[in-house]
Amino acid sequence: MSVSSYSSKVDVKAREAALKVLYEKFYAVLEKILSGEPPKLVIKKRTLSNTIYEPERKLLLLGESVFERSFLDVREAKKFMQTLLMASIIYEALSNGEYPTIRDLYYRGKHTIRYRKLPSKSVGEENTWDEQAESDSVLRDIEVFTNVLREEMLILSKEKGKVVGNLKIRSGDDVIDLSKMGHGAYSIEPTPDLIDFIEVDAEYVLVIEKDAVFQQLHRAGFWRKYRAVLITSAGQPDRATRRFVRRLNEELKLPTYVISDSDPYGFYIYSVFKTGSITLSYESERLAIPNARFLGVMMTDIFGSSKLNKKPYLTESERKNFIIRAKERDIKRAKELKEYPWFKSERWQVELDEFLERRVKLEIEALAGKGLKFLADKYIPDKISVGDWIE
Amino acid sequence: MAVVEENFKSISPAEFFYKNKEIAGFSNPARALYQTVRELVENSLDATENHGILPTIKVSIRELEVVPEGAYYEVVVEDNGIGIPPKYVPQAFAQLLFSSKYVLRQSRGMFGLGAKMAVLYAQITTGQPAEVIVSPIRSKHVYSFKLKIDIKENKPVVLGFTTTSNILGGHGTIVKLVTIGDWTRSRQRIYEYLKRTAVVAPYAEIVFRDPEGNYLLFERSIEKLPPPAREALPHPHGIDLETMRSILKSISDKPVVEGLVESFQGVGRTTALRILEEARIGVEKRAGELSEPEIETLVRVMKNYRDIKPPRADHLSYLGKEIIVAGLKKIFEPEFATAISRKPSVYEGQAFIVEVGVAYGGKVPVAEKPLILRYANKIPLLYDEGSDVVYKVLDEKKGIDFKVYEVEFPAPLVILTHICSTKIPYRGVGKEAVADVPEIESEIESALREVLRELRSYVLQKRRELEEIEKAVAIAKYIPEVAESLSRMYRVNPQEISVKLLDLLNSRMKSFKIGSLSSIVM
Ligand SMILES: Nc1ncnc2c1ncn2[C@@H]1O[C@H](COP(=O)(O)OP(=O)(O)OP(=O)(O)O)[C@@H](O)[C@H]1O
Ligand SMILES: [Mg+2]
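Line order of the protein sequences matches chains A and B. According to this note's numbering, the residues represented by the first sequence are 1 to 391, in order. According to this note's numbering, the residues represented by the second sequence are 1001 to 1522, in order.
Capping the alpha-carbon separation at 20 angstroms, the derived lysine to any residue pairs in SDA-like fashion look like this:
no. : chain 1 : residue 1 : chain 2 : residue 2
1   : B       : Lys1471   : B       : Met1522
2   : B       : Lys1500   : A       : Glu37
3   : A       : Lys121    : B       : Lys1471
4   : B       : Lys1058   : B       : Tyr1215
5   : A       : Lys32     : B       : Val1499
6   : A       : Lys78     : A       : Phe67
7   : A       : Lys311    : A       : Gly387
8   : A       : Lys78     : B       : Ala1474
9   : A       : Lys20     : B       : Ser1487
10  : A       : Lys121    : B       : Leu1517
11  : B       : Lys1423   : B       : Val1437
12  : B       : Lys1471   : A       : Thr128
13  : B       : Lys1155   : B       : Pro1013
14  : A       : Lys32     : B       : Tyr1490
Derived by calculation from the structure, the hints in this document are not laboratory data.
Next comes chain B alone, as it looks inside the complex (with noise of 0.2 angstroms):
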C-alpha cells in the first residue's frame, strides 16, 4: 500500500473564506447578491442609528452586461453615517476579520466579516475592485478608495487614493462594488429583505432603485431612534479562560483587586476581595503576576460567584413598543397591532432582551398560518427559518395553540419577534438563525404568549362590538313592522312609534347606535 505523504500548511483567514464562501451566505449568484445588499445596508443602519442619526440609506443595484452565470451588477450603497478614519477605511473594507465591532456592544455588525465577504466575492467574480468614499463627521474631505483584497496574505491592497473638499459639509459613507449575481432569483428576498428591515427601523428612510429601473421609497413614519447600544464590560458570569487571560495582559501592571473592579461589571471592591478570596489568590498580587493554575481558579469562582447583580442591559438597543407597533401599521396597515419588550435576561453571562409584535386583521394577508418576522439586534432572519429558535416556540405539538387566543387559521396575522443582545447565538457567520438556548426559548414563549393575551382581548371585544351590532340590525329590521300592525290597530303614526323604538333599542347598545331606520330596513 502506497503511503501518500500529508502537505501541511497553513492559510489566511482571506484564503479560507475564499475557499468557503457558502458559510458566510455567499454560495451562489442569487444568494450572493441578496448578502451583499444585506451587509451593506447593515453596516450603514449601524454606522447611523448607533451614533443617534435619523438613517438616510439609497441602495442601487444596476445591470451592467450578462453573462452565463447570471449578470454583472454595479451595487451601490450610501448612508449619512459617521463615516470611516480614512487611515481605517483599507483594513476595515479589505482585510477579513477587522471590526470596530469586536466590543461588548449590540450591534449589527459581529463578525468583522460582511464587507470583506462582499468585497472578495465582487473580486473573484468580475475582478473589479470595491470603491469607497468616505467623510467623516465634520470632516473637511472626502476620501475615495479603490481597494482590493490580497488573498494570499488577507491584506488591503489599494489601488487608487484621492482627496477632495467637502464643499456641502455632509458625512457619510458610499461602496460601490461590481459583482455578479442573479437578480431574477433573489429579486423577492432582496425585496423582502428590505421591507422587513423597514418595518423594524421606521425612523429609517431607505431608496431603492432596482436593477429594472423601479424605485421603492420607505419613507420615515417616526422621528424616534431606540436608544443607543452602549458598550458593557463583561459580566463575571460570562467569564472565560481566554479572555480572562486577555484582559489581565491588558491590566498586568494594576492590583489584580484593582483590575477586576474595572474590567467587570457587577463587581465592586468588596465582591472583588471575596472572589480572590475565595479563589485563594492574595489582594498585593499584581494582574500579570497570576500563575495558570490562579487563572484557572479565578475564572471558576467567578463565573459559580452567586453574590452579584445580572448582566446589566441598560446599555442594549431595543426598539420598545412604540417603534414595532409604528413599524407594523405602517407596513402591514393592520387593524390592530400591539408588542411587548421583556424584561432583560441572560443567558451564559450575556444580557438580552426579547420582544414580540403582533399585527392582526386589516390589510394583513390571511393565511393558513402566522406570517413570522424574525429579528435579532435588528437584522431581520430570512433563511433556515426551520432550525431558529422562534419556529420551535411556535411549531412543536405542545407549543403555541392559537384556538386558546381565539385565533382560528386560515387568519391574518404576523408575529415580529426581536432578540436583542450583546451577543447573538447565531448558528452561522450569515446571521440566518438563531440556536435554540433554552432562556431565549422560555422568553420567546412568554412574550409571545402576552401579546398574544392582549390579541385575545382585542377580538372577543371586537366579537362583542360585532355581535353587538348584529343584535341591533336583528331587532330593528321588525320596527317597521310593529309600528304598522299598531298603527292599523290603533290608527297612530307608524313613523311615531318607529322612532320610540328605535330610541329605545339604542339607548340599550353600549358600543353602536343606529342613526336611522332607513340605512335598515328598505
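Next comes chain A alone, as it looks inside the complex (with noise of 0.2 angstroms):
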C-alpha cells in the first residue's frame, strides 16, 4: 500500500495548490538568473516596526514594508541560498506526497559545503544551516514570500498543546471522547483545521499555560465540575494550540480564558492567544482570538488595588512565601510590554505599573500550593462569577 493512499482529496488539492504556488513564486528567480540579470526576492519584512496593531479587529498584522534578499549581497548571500534550498526541499516533499516536519526540513537540507578560501587556498567548511533556528527562519520567509502556510503546505510540527472535557471530535477517520481520556489528555494535532467538532457540553474554555497545574485540575475533575474544556499550550503556545483553540471560540462559541504566570513572560503568552505574535503575525488572522480574557494571574490579584477597589486574594504571609524577587529582564521585558500598543489598555498599564513597582513575580503553582481547592474552587470560580478579567 503507497503512502499516498492514505491521503485524503483534501490533501491532494492542498497539495496541489501549494506547488502551484510555489512553482510560479520562486520562478521569477530562475528568469533572472537566465537573463543575466542578479537573482533576488522580495519579502515583507518580519520584524517589530512591520508589525501593526489593528485595534479594531484586535489584531497584529504584517505590515507592507519589505526587504530584499539579493543573492550578490554578500550579508544575504547566505539566506538567500537558504531559502532556495528549503523552498526545494518543500517542493519535493510535496510531490512525493510526504508529510514532513520542520525538523525533518532541517534535516534533509543540512549538509556540508567544502570551499577554498582565497588568497590563502586553506580549506573552510560551512553547513548550509547549523541550528534548527535557522530552517525554521527561512520556512517562515517561504510562508510569508508565497502567502501559504507551512499546515497548507503539510508541514508538520512538533505540537505539544493537550485538551480534556466533554467534547467528541472527529479526527482521521476516528471519533474521540476527550472525556474519557484517564488521567492522560488528547494531544493536539498538528492539522487541526481537519478535525471535526461533533458534540460539546461546556461553558468555557480554559488555557492553562503549565502542564503540570493542568494536570492538577484535570485530577481534582475542575473540567467536569465546571464544564469547562480545559486545555494546556505548556509554555509558549504553538500554532496548532492557538488554531485549535480559536476554533473552540469562533465555531463553539465559547468564552476562552487564559491563566498564566504573573510575569511580563506570562503577559505576552496571553496576549499571543489574544492578538498574535511578532514573529508569526503574518498568521494572526487565522490564529488570534481576539475575545479571549485574561484571568490570571494578576499583579493586583496578590497585592489588591486601591485604584480598582479590589482585595488581594493572598494574605500578607502568603505573599511573602510565594512571590519572587524579579529579574533585570523581567523588568527590561515590562518596559517593552508597556509600549506595545496591544498593551496601552488603561487596565494592562495598572497591572504593569504594579509589577515595576513592586519588582516581583509569581508562578501559577504557587497558587496551587496555597491548596488546589483554593485555586479550582475559589479563585478561577469567584473570578469569572465577578468578571474579574481582563478583556
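Each of the two chains sits in its own frame; use the hints to bring them together as a complex.
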C-alpha cells in the first residue's frame, strides 16, 4: 500500500495548490538568472517595526514594508541560498506526497559545503545551516513570500498542546471523546483544521500555560465540575494549539480564559493567544482570538488595588512565601510590553505599573501551593463569576 | 700641601688620535675591524661614484694568527676608482688630517682621518705597515707603497716603494692592512654594514670574502649612478670669522667686491655692493686691507643678509626615488616600496636634502617595530641609534602614529632615511649618529609622513582588493547549492545556472575574477 493512499482528497488538493504557488513564486528567480540579471527575493519584513496592531480588529498583522534578499549581496547570499534550498525541499516533499516535520526539513537540507578560501587557498567548511532556528526562519520567510502557510504545505510541527473536557471530535476516521482520557489528555494534532467538532457540553474554555497545573486541575475533576474545556499550551503556545482554541472560540462560541504566570512573559503568552505574535504576525488572521480573556494571575490579585477597589487573594504572609524577586530581564521586558500598542489599555497599564513598582513575580504553581481547592474552587470560579478579567 | 708642578707640552694629531682611538670608532678589536672595513669601503665608493665610475669593490678579510685579544687579520679592499696621484699617497694614508675632501662638496669622507685611523690601529696592534697599490686613471704605471705613521711627528714613513708598468691599463686602489680584530664579535655588524651599503648603492658591485671563506656578492642591479656631487662655494649665511679670514687672505690682492662675488654663492655684483655699503666698507678696498673690526662687521652683515637666494642644492648627490626603491627591492624583496626626495632645505647656511623610503610586506620580516635604516651622505649609520635625529622623530610620544597610516605592529616595515649635505652634523668622527638639528628633524618628519601616506593608500587599496576576493568567495561558494535547488524545482541543468551566476558575480568584481567554480567549491 503506497503512502499516498492514506491521503484524503482534501490533502491532494492542498498539495496541488501549494506546488503551484511555490512554482510560480520562485520562477522569477530562475528567469532573472537566465536573462543575466541579479536574482533577488522581495519579502515582507517580519520585524517589530513592520508588525502593525489593528485596534478595531484587535489583531497583530504584518505590515507592508519589504526587504530585498539579493544573492549578490554578500550579507544576504547565505539566506538567499537557504531560502531556495528550503523551497526546493518543500517542493519535493509536496510532489512525493510526504508530510515532513520542520525537523525533517532541517535534516534534509543540512549538509556541508567545502570550499577554498582565497587568497590563502585553505579549505573552509560551512553547513547550509547549523541550527534548526535557521531553517525555521527561512521557512517563515517562505510562508510570507508565497502567502502559503506551512499547514497548507502539509508540513507538520511538533505540537505540545493538550486538551480534556466534555467534547467529542472526529480526527481522521476516528471519533474521540475527550472526556474519556483517563489521567492523560488528547494531544492537539498539527493540522487542527482537519478536526470536526461533533458534540460539546461546556460553558467556557480555560487555557493554562503550565502543564503541571493543568494536570492537577484535570485530576481534581475541575472541568467536569465547572463544565469547562481544559487546555494547556505547555509554555509558549504553538500554532496548532492556538488554531484549536480559536476554532473552539469562533465556531462553538465558547468564552475563552487564559491563566499564566504573573510576570511579563506570562502576560505576553496571553497576548499571543489574543492578538498574535510578532514573529508569526502573518498568521494572526487564522490564529488570534480577539475576545480571549486574561483571567490571571494578575499583579492586583496578589496585592489588591485601591484604584480598582480590589482586595488581594493572598494574605500578607502568603505573599511573602509565594512571590519571587523579579530579574533585570523581567523588568526590561515589562518596559517593552508597556510600549506595545496592544498593552496600552488602562487596565494593562495598571498591571504593568504594579509589576514595575513591586518588582516581584508569581508562578501559577504558587497558587496551587496555597491549596488546589483554593485554585479550583475559589480563585477561578470567583474571578469568572465576578468578571475579574482583562479583555 | 705639596704643589705638583704642571708639565705643558703639545702633541701631534697622530698622537692625539693614538691616545683617543675610541672617538674615531676604534675602541676595541671587534669595533676596530668593523670600522676598518667601513673606512676603506667608503673611500672606495667616494673614489668611484663621485667620478662617474660604476663601483666594483672587493673586500677580503683573512685570519692569519690567533692571539689573546682576538686574531691577526689581513684586510684588503680593492676598487676601480680614480686612484691617487703617487706623490700624495704617503700623506693620504699616513698623515692624519690630510684629505682631498676638505671642500664644500658632498662625499662620504669628511674629516681626513678614516684611512689613517685604520693604518694607525694596524700599526700599533700588529706593528705591520700598510700596503697601498695605486694606479691612477690613464697611468702608465702601478705604484706600490709600504707605509707607517711617525706618530710623534704625524708624518708618513715610506718603508718601501716600487713601480711596475700598468699592463692591463686599469685604474683603482688596493689597500692592505694587517690588524688585530675580533671577527666573531664583529661578524654581524660587518655583514649588516655591507648589506645596508648595498641597499643605497644598487649600482655598485660588492664582493666580500669573510675569514671563514664565505663569499657574498651584491650584484649591480641598476646601471644608473646618482648625479655626481659638485663643489660649491660657501653661502654667506654659513660663514664665520675664521673662514672669512682665510677667504680674504686667499684673495688679498683683489678688490673686496670682486672677491666676494668670486668666493661666495648667491652673491652678484649688486649684492656685494649692498653688503659692503651696509658694512660701511669702502668699495675701493682690497681684500687684504680690511681691518679686524671691518671683517667682524662683514661677517655679521653677511650672515644676516636677507635678500639672497638660499644655498644651492644642485651640487648635492642625492639618491632619488629610483635608486632607493631599487635598493630596497633588491635587498628586502618587499611587496611594496616607495621613496621620496624632499626639496633642498637649509640649516646654518648648509644645503641639505632628506630622502625617505619604505618597504612593506613580501619578505620583509614582521617585527614589533619598523626596521630603521639610517644613512648620511650614503653611509649607513649602525651604532648610537638612540641619539640620532631619526629616532627623535620616531620615538617621541607625539611622534608618528603608525595606525594613522594603517600599519599596526607587528608589521613588515622597513624605513630608510637619507640625509645628504655638504656638511652633515655628525655627533662624532666615527659617523654613527646625526645631531638633532631642528631643520633636519622637521624635513625627516615631513618626508616620512609623505611616504607613509603612499603606503597607506597602498594598504587600503590592497585591503579593498582582499575584501573583494573574500566577498566573491563568500557568494561563489553557495552557487552550486542555489543551482541544485532550482534544478530540483524546474528540472533545469544546474551547470547552466552555475555558469550564469558566476558570470553575474564576476561582472560585479572590479579587481578580481573567479576563473572557474571548481577552484572554489570542492
Ligand atoms: N680608495 C681610494 N681611492 C682614491 N682616493 C683615496 C682612496 N682612499 C683614500 N683616498 C684619498 O685619501 C684621502 C684621505 O682619506 P681618509 O679616509 O683618511 O680621509 P677622508 O676620506 O678624506 O675623510 P674621512 O676621515 O671622513 O674618511 C681622501 O681624501 C682621498 O683623497
Ligand atoms: Mg675616508
